[in-house]
Amino acid sequence: MADNMKTTNYHSFLPTKAQEEEAKRANNPRNQERRVQVEIRERSPQPFILESSDPNLTTPPQTKDLLRS
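Residue numbering for the sequence shown follows the UniProt record's numbering, starting at 1 and increasing by one per position.
No lab work stands behind these hints: they were computed from the structure.
Don't be surprised by glycine CBs; every beta carbon is placed ideally from N, CA and C.
Accuracy of the hints is not assured; some may be wrong.
Said to hold, decoys possible - Now the in silico label distances, taken between C-beta atoms and shown as ranges: (1) Asn-4 - Lys-24: 19 to 29 Å; (2) Glu-42 - Lys-17: 25 to 35 Å; (3) Ser-44 - Glu-20: 31 to 41 Å; (4) Leu-14 - Ile-40: 19 to 29 Å; (5) Arg-41 - Gln-19: 40 to 50 Å; (6) Asn-27 - Lys-6: 32 to 42 Å; (7) Lys-24 - Ser-44: 35 to 45 Å; (8) Thr-16 - Gln-37: 14 to 24 Å; (9) Asn-4 - Asn-27: 34 to 44 Å; (10) Met-5 - Arg-35: 16 to 26 Å; (11) Gln-37 - Pro-15: 12 to 22 Å.
Model the full assembly from the supplied sequences, consistent with the hints where possible.
Dropping the structure here:
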């Protein structure tokens, strides 16, 4: 299983009670948008493509017909 790290921005539009109290003590705007960049570890396995050696399964409609029978 390969571990991939992805970075993404996390937006917090509603402050927590602790953040509201801290902003009140520091005389900062209370409802300010907060953006934090975080790293997310992708733990799911990488998808793999099944390959068929059957030459009759070259197009998707033929594959659907084979699966229905």
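Hints, verified against the model:
1. Asn-4 - Lys-24: 19 to 29 Å: violated, 40 Å
2. Glu-42 - Lys-17: 25 to 35 Å: Given range 25 to 35 Å: holds, Cβ gap about 32 Å.
3. Ser-44 - Glu-20: 31 to 41 Å: Holds, at about 36 Å.
4. Leu-14 - Ile-40: 19 to 29 Å: Since Leu-14 and Ile-40 have Cβ atoms about 21 Å apart, the given range 19 to 29 Å holds.
5. Arg-41 - Gln-19: 40 to 50 Å: Cβ of Arg-41 to Cβ of Gln-19: about 26 Å, so the range 40 to 50 Å is violated.
6. Asn-27 - Lys-6: 32 to 42 Å: Given range 32 to 42 Å: holds, Cβ gap about 37 Å.
7. Lys-24 - Ser-44: 35 to 45 Å: This hint holds: roughly 42 Å between Cβ atoms.
8. Thr-16 - Gln-37: 14 to 24 Å: holds, 19 Å
9. Asn-4 - Asn-27: 34 to 44 Å: Cβ of Asn-4 to Cβ of Asn-27: about 42 Å, so the range 34 to 44 Å holds.
10. Met-5 - Arg-35: 16 to 26 Å: Holds - the Cβ-Cβ distance for Met-5 and Arg-35, about 19 Å, lies within 16 to 26 Å.
11. Gln-37 - Pro-15: 12 to 22 Å: Because 18 Å falls inside the window, the suggested range holds.
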